[in-house]
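Number of protein chains: 2
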Amino acid sequence: MHRHFDEALKNLKEKILRMSGLVEEIIGTAIKALLERNSELAYKVIKSDDAINMLEIEIDDLCMKLLALYQPTAGDLRFITSTMKICNDLERIADLGVNIAQRTLDLLKVPPLKVKIDIPKMATASREMLKDSLNAFVNKDSKLAYEVCKRDDEVDKLNHEIFMAVFQCTPEDQKPVERVIDLILVAKNLERIADHSTNICEDVIYLVDGKVIKHHITD
Amino acid sequence: MHRHFDEALKNLKEKILRMSGLVEEIIGTAIKALLERNSELAYKVIKSDDAINMLEIEIDDLCMKLLALYQPTAGDLRFITSTMKICNDLERIADLGVNIAQRTLDLLKVPPLKVKIDIPKMATASREMLKDSLNAFVNKDSKLAYEVCKRDDEVDKLNHEIFMAVFQCTPEDQKPVERVIDLILVAKNLERIADHSTNICEDVIYLVDGKVIKHHITD
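Protein sequences appear in the order of chains A and B.
Residues in the first sequence are numbered from 1 upward in steps of one, following our numbering.
Residues in the second sequence are numbered from 1 upward in steps of one, following our numbering.
Bear in mind the hints are in silico, worked out from the structure with no lab data behind them.
Don't take every hint at face value.
One copy or two, it doesn't matter: identical chains are merged, so the pair holds either way.
Said to hold, decoys possible - Below, in silico cross-link-like pairs of lysine to any residue (SDA-like), each with a Cα-Cα straight-line distance of 20 Å or less:
(1) K109 - M164
(2) K44 - E25
(3) K157 - V98
(4) K211 - D76
(5) K211 - I57
Treat the numbers as computed from the prediction; the structure is a model and nothing was measured.
Build out the structure end to end from the sequences listed, making use of the hints.
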C-alpha cells in the first residue's frame, strides 16, 4: 500500500513539474512572439495549449485518486490539495499565454504603434514572477514565495502606466482602435499572469509553512 | 465517527451556501453602486470583503479537516474538492466586486461619460450568469450549469463592444483618461465575473455528473 502511494505521489510530482515547465515555456514563447512579431511562435503557443489541458485533467484525476485510495494526512495531504490549486492556476496562466498569442496574430495585421509603450518591461516583470513562483514551488522556498508576492504591486503599476500611455496617444495614433484594444488586453493578460503567480506563491507558503497568508500581505 | 462526519459536512454546506449568498449580494451591490453612482453602496462593498476572506479561510480549513479526519470517498470526496474550487472562485468574484466599487468611487469624482456605452447590459448578463451558476450549484442542476457555460461568449462580445465604443469617443470625450480607463476596467471585471461563473458551472457538472467538461464546450 505504502509503496503504491509513494509511487503515485512521485508520479504526481513529476506531472506537476512537467506542467510547470511547459507553462513557463508557453509564456516565454508567447512574449517572444509578441515582442518579435513572430507569427510562427504565436501559432506554436496556440497549439501547445492542448497538452496543458490534458495534463490538468490528468493531475486533477490523480489527486482525486490519491485522496480516495490512500487517505493521506498532514504534509502529503497539503501537497495534494496545493497541487490541485497550483495546477488550476497553471492552466489559467497557459490560457493567458494563448490569449497573448492570439492578440499577437491580430497585431501582426497592422504596423506597430508609433508611440513607445513599455510592454517589454511589464512582460519581463510578469515572466520573472512566474519563473520565481515556480522555483519557489519546486524548491519549497517560502522565503522566495513571500518576496514574489510583494512584486505584484509593481506589475499593477506598469499596467496602469501602459493604459495611460495608450490613451495619451493622438487620435491618429489610436487608429485602428483594434490595435490599441489588443495592446490593452495584452497588458491585462500580463497583469493576470502576475496575479496567478502570486496565488501560486500563497499556496507554496501554505504548503511549506502551513500558514495562510493571503489577504494579509501588507507591504 | 459517521455522525461527526455528517455534521461537519452539513456545516461545510451551510458555509459555502452562506458564502455564495454573500458574494451574489456583493456583486449586486457593486453593480448598483456603479449604475446609480452611489458612494455609500460602494463603501459597503469594500467593507464586506473581509467577511468573505474569513469565510474562504474557514471553508478551506474545514475541507482539509474533512479530508484528513474522515477519508471521504466517491460523492462526498467530489463534493469537498469541488467546494474548495468553488470557494476559490467565489473569493475572486468578491475581489472583482471590490474592484468595481473602487472604480466607482473614482468615477464619482468626474461627470459621467457623455457617450452611451452599454455597461448596464453587460452587468446584467454577468450578474445573471453568477446567479444561475450558484443556483446550479445549490440545486445540483447540471443542465442549468451547461446552459450558463454557453452564455460566456455573449459576455465576451459585450465586453468587446464596450472597448470599441470607448475608443470611438472623440478625444474630448475621452478626457480625463482616468475615466475611460476606469470604464474599461469595470467591463473587464464584469467579464471575469462571467469567467469565474463558468468555472463554477464546470465544477458543478463534475460534481453532479462526474464529467470533466472544461476545454470541451464547443458551442
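Name the hints, by number, that the structure is in violation of.
Of the numbered hints, all hold.
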